[in-house]
Amino acid sequence: MSGRVLVGVKRVIDYAVKIRVKPDNTGVVTDGVKHSMNPFCEIAVEEAVKLKEKKLIKEVVAVSCGPQQSQETIRTALAMGADRGIHVDVSGKDYENLGPLQVSKILAALAKQEDAQLILLGKQAIDDDCNQTGQMTAALLDWPQGTFASEVSLEGDKINLVREIDGGLEHIKINTPAVITADLRLNTPRYATLPNIMDSLMNNETELHKPNHRTSLCVGLIPLFETVAPEDMQGGTDRSGAMLRHTVLQSGLGLHTRSLVVFSIGIGKNKTKLGTV
Amino acid sequence: TIIQRKQKKPRKTGRRTKPPEEPDSGRGFHLPQLKEFQKVAFDFAANEMAPHMAEWDQKEIFPVETMRKAAQLGFGGIYVQPDVGGSGLSRLDTSIIFEALSTGCVSTTAYISIHNMCAWMIDSYGNKEQREKFCPDLCSMEKFASYCLTEPGSGSDAASLLTSAQRKGDHYILNGSKAFISGGGDTDVYVVMCRTGGKGPKGISFGKKEKKVGWNSQPTRAVIFEDCAVPVANRLGEEGQGFNIAMKGLNGGRINIASCSLGAAHASVQLARDHLLVRKQFGETLSNNQFLQFKLAEMATKLVASRLLIREAAQALQEDRPDAVAICSMAKLFATDECFNICNQALQMHGGYGYLKDYAVQQFVRDIRVHQILEGTNEVMRMIISRNLLSES
Numbered sequence: 002m003s004g005r006v007l008v009g010v011k012r013v014i015d016y017a018v019k020i021r022v023k024p025d026n027t028g029v030v031t032d033g034v035k036h037s038m039n040p041f042c043e044i045a046v047e048e049a050v051k052l053k054e055k056k057l058i059k060e061v062v063a064v065s066c067g068p069q070q071s072q073e074t075i076r077t078a079l080a081m082g083a084d085r086g087i088h089v090d091v092s093g094k095d096y097e098n099l100g101p102l103q104v105s106k107i108l109a110a111l112a113k114q115e116d117a118q119l120i121l122l123g124k125q126a127i128d129d130d131c132n133q134t135g136q137m138t139a140a141l142l143d144w145p146q147g148t149f150a151s152e153v154s155l156e157g158d159k160i161n162l163v164r165e166i167d168g169g170l171e172h173i174k175i176n177t178p179a180v181i182t183a184d185l186r187l188n189t190p191r192y193a194t195l196p197n198i199m200d201s202l203m204n205n206e207t208e209l210h211k212p213n214h215r216t217s218l219c220v221g222l223i224p225l226f227e228t229v230a231p232e233d234m235q236g237g238t239d240r241s242g243a244m245l246r247h248t249v250l251q252s253g254l255g256l257h258t259r260s261l262v263v264f265s266i267g268i269g270k271n272k273t274k275l276g277t278v
Numbered sequence: 002t003i004i005q006r007k008q009k010k011p012r013k014t015g016r017r018t019k020p021p022e023e024p025d026s027g028r029g030f031h032l033p034q035l036k037e038f039q040k041v042a043f044d045f046a047a048n049e050m051a052p053h054m055a056e057w058d059q060k061e062i063f064p065v066e067t068m069r070k071a072a073q074l075g076f077g078g079i080y081v082q083p084d085v086g087g088s089g090l091s092r093l094d095t096s097i098i099f100e101a102l103s104t105g106c107v108s109t110t111a112y113i114s115i116h117n118m119c120a121w122m123i124d125s126y127g128n129k130e131q132r133e134k135f136c137p138d139l140c141s142m143e144k145f146a147s148y149c150l151t152e153p154g155s156g157s158d159a160a161s162l163l164t165s166a167q168r169k170g171d172h173y174i175l176n177g178s179k180a181f182i183s184g185g186g187d188t189d190v191y192v193v194m195c196r197t198g199g200k201g202p203k204g205i206s207f208g209k210k211e212k213k214v215g216w217n218s219q220p221t222r223a224v225i226f227e228d229c230a231v232p233v234a235n236r237l238g239e240e241g242q243g244f245n246i247a248m249k250g251l252n253g254g255r256i257n258i259a260s261c262s263l264g265a266a267h268a269s270v271q272l273a274r275d276h277l278l279v280r281k282q283f284g285e286t287l288s289n290n291q292f293l294q295f296k297l298a299e300m301a302t303k304l305v306a307s308r309l310l311i312r313e314a315a316q317a318l319q320e321d322r323p324d325a326v327a328i329c330s331m332a333k334l335f336a337t338d339e340c341f342n343i344c345n346q347a348l349q350m351h352g353g354y355g356y357l358k359d360y361a362v363q364q365f366v367r368d369i370r371v372h373q374i375l376e377g378t379n380e381v382m383r384m385i386i387s388r389n390l391l392s393e394s
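Order-wise, the sequence lines are chains A and B.
2 is the number of the first residue of the first sequence in my numbering; add one for each residue after it.
2 is the number of the first residue of the second sequence in my numbering; add one for each residue after it.
The following block holds chain A by itself, in its conformation from the complex:
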C-alpha cells in the first residue's frame, strides 16, 4: 500500500457572496467574484491531514481541475497540511463543460497513476450541488464508496465509516482502496497557520496536467448537455386559474374537495401561479 491519499478540492464561488445571474442568462457572474475552496472539500482535506498526523497514511496529494486560478485552491490545501498538489489544467470552453463525469474520469486516471490508497472528496460542491463525483469515481475504479461520511477510522486495510443517511446514522466497513466523501460533521477544518502558508508558497510542488495530452491522462472532455430557453407560447391560450381548475376536475383526478393543491406553471417569462383547487 502506497499510503497515498488523493484529495479533490474544487474552486467555487465563496459561500458568503451574493450570486448574480449574467445578463445573457447563460450562467452566474464569476469574473472578479471572490472564490474559495468548497467547504466540503476543506473538510476532506482536514480529514486527510488528520490521518497523516495519526500516521495512518503517508502522503496527502491535493488535486484540482480547472483554470489557472485553481492553483490558489491547491495552495490553500498545502497550507492546511497537504504534501503535494496536482493541478489538472482545464480552461475556457472545456471548463464550462466540466462536470462530475469528466472530473471523476480524471480522478480515476490520477488514482491509477499515483497508486492512491484512498480518495477523499467533499460530498458535493456548493455551486452545482451535484453530489455525483465521489460515486462516479468509485464506479469507474470499481472501488467501494463511503459517502456522506461523518466519522472515518482506518482499521488495518479496512475502513470503518459512519454515514449520515435519511434514516439516521449507518455504520459500514469497507475495503481499501476506496472513495470517501465528507459530510458536514466529519470534522472542523483547521485554519492555515502563517508559517504553513509561507511554506506552501515556497513549495512549488504543484504539477500541471493537461487532460487531453496523449502522454498524460487521456481523458476526453465531451460536453454532456446544453441549456436552451423554451420557445414562447403562441397567443390564444387561456392560462387563467379558472380554466385549469375546470380541466383538472374534468380529468377526474379524484381530488378531495378539501385538499390543497398548488400549481405553478412557468413558461419562459410568464409564470402563472395558481392557488388551491
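Among the hints, erroneous ones may be present.
What the hints assert, rightly or not - Have a look at the derived ranges for each label pair, beta carbon to beta carbon:
| id | chain 1 | residue 1 | chain 2 | residue 2 | range |
| --- | --- | --- | --- | --- | --- |
| 1 | A | GLN133 | B | ARG280 | 16 to 26 Å |
| 2 | B | ASN342 | A | SER154 | 55 to 65 Å |
| 3 | B | VAL305 | A | PRO24 | 21 to 31 Å |
| 4 | B | ASP324 | A | THR31 | 54 to 64 Å |
| 5 | A | SER92 | B | ALA301 | 27 to 37 Å |
| 6 | A | ILE166 | B | ALA301 | 45 to 55 Å |
| 7 | B | LYS70 | A | TYR16 | 14 to 24 Å |
| 8 | B | ARG322 | A | GLN133 | 31 to 41 Å |
| 9 | B | GLU56 | A | GLU152 | 28 to 38 Å |
To be verified - Where chain A lies over chain B, by a calculated footprint (3+ residues, C-beta under 8 Å):
| id | region |
| --- | --- |
| 10 | 39-50 |
| 11 | 74-88 |
If you're looking for bench data, these hints aren't it; they were derived computationally from the structure.
No residue lacks a Cβ here, since even glycine has one placed at the ideal position from N, Cα and C.
Starting from the structure of chain A, add chain B where the hints point.
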C-alpha cells in the same frame, strides 16, 4: 449495518465581513501570499471574534483563550524573527492581518498589536539571553505583554517621564507610576520605559481597572512601581538608548493602530451598505436615496485612500526609508480620523438602530475613537509631520 439517531450540531453563522476586492497592484508584493494571510485573518475574525465582540465589550472580558488560538496561527509575534518563535513577516503583511482581524473585534486586535510591539521590541533590541527568555512565550501568548510609557504627568510629552530606575548592584530599583496601561494587571511581561537613576517604595502594583467608552475587552490600569527590583539582565539595549527604542517602536505601533481603524471602517461600510439595501422609508429602500448614495461613495473613497496610505507607510517602514517616520505619522493621522468619521456616518445611516448595542456599528465607533488619541495624539502627529517638512534637510 447499524442505524442510530443522527446527532444535530448546528453550525454557528453570524456577521461575516467580506474582504476587500483588490486587483493586483503590480507593485511586486507577494500577492498570493498576502491573500492567504488575509483569508486566514478574515476567517478567524468572522468565526472566532465577531460572534463574541459584543459580549467581550459588555462584560469586559479579556479573551485569553481566543488570543492564544490566534497565537497558534502565528499572530502572537507576526514580525518577530522565526528563530525565537515569531512568524518573520513584513510590516505590510502585519497591516493587512490587523486590518482583517479588526473586523472581528477592534479592541482585542488593538491589544494583540500592542503585544506584538512588545515582542518585537525584545526581539530587535534584546540580547541573545533576553530574546530566548521572553520571545518564545510571547509569540505563543503563553505570556501576555504590556507596554508602559505613558505616565499621569507625561503623555504627549513622553520624554519628560519621571519613573526612575536606580542601579543597585545587579538590579535596578524602579519607582514611579505608569497610566493607561493596556492589559495592565492581567499581563505577565511589562516593557517599561524609565529614567535610569531614582528612588522610592516597594514592588509593582496596579491601580483600579479603568471604565472606558470602548476597548473594553482589554483591561486598562495604572502600573505602580515602589522600590521594584528588576535585574540588570532585563535591560533592553544600553542605558540612554531607551528613548530611541521607544520612538522606533511607535512607528510600527502607529501603522498597526491605523490598520485596526481600517478594519473597523471596512466592516462599518459593509454594515451600512447592507442596511441601506434593506431598510425602507418613503416607499423605497434607503439605497435609492441620492444623498445616502453619495455619502456611501465618499465613505468608501476615504476608506480606500486610508488603506493605500497605511500600506505605503508599512512598505516605507519595512524598507527603512528616510521618510518612514513622517509617512507613518501621516498614515496614523489620516486613517484614524477618516475611519472614525466613516464609522460615525455608518452609525448615522442606521438611524435609531445604530444607537442600540444590539448592532455592531456603535461598538466600532466607540472602539476606534481612542485611536485618534493613543500611540501619539493626532496633534502630535501634526507636530512630527510639520517638523519633518520644516527641517532644513
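Status of the hints after comparison with the structure:
no. : hint                              : result
1   : A:GLN133 <-> B:ARG280: 16 to 26 Å : violated, 42 Å
2   : B:ASN342 <-> A:SER154: 55 to 65 Å : holds, 56 Å
3   : B:VAL305 <-> A:PRO24: 21 to 31 Å  : holds, 27 Å
4   : B:ASP324 <-> A:THR31: 54 to 64 Å  : violated, 41 Å
5   : A:SER92 <-> B:ALA301: 27 to 37 Å  : holds, 33 Å
6   : A:ILE166 <-> B:ALA301: 45 to 55 Å : holds, 48 Å
7   : B:LYS70 <-> A:TYR16: 14 to 24 Å   : holds, 22 Å
8   : B:ARG322 <-> A:GLN133: 31 to 41 Å : violated, 56 Å
9   : B:GLU56 <-> A:GLU152: 28 to 38 Å  : holds, 32 Å
10  : 39-50                             : holds (count 4)
11  : 74-88                             : holds (count 6)
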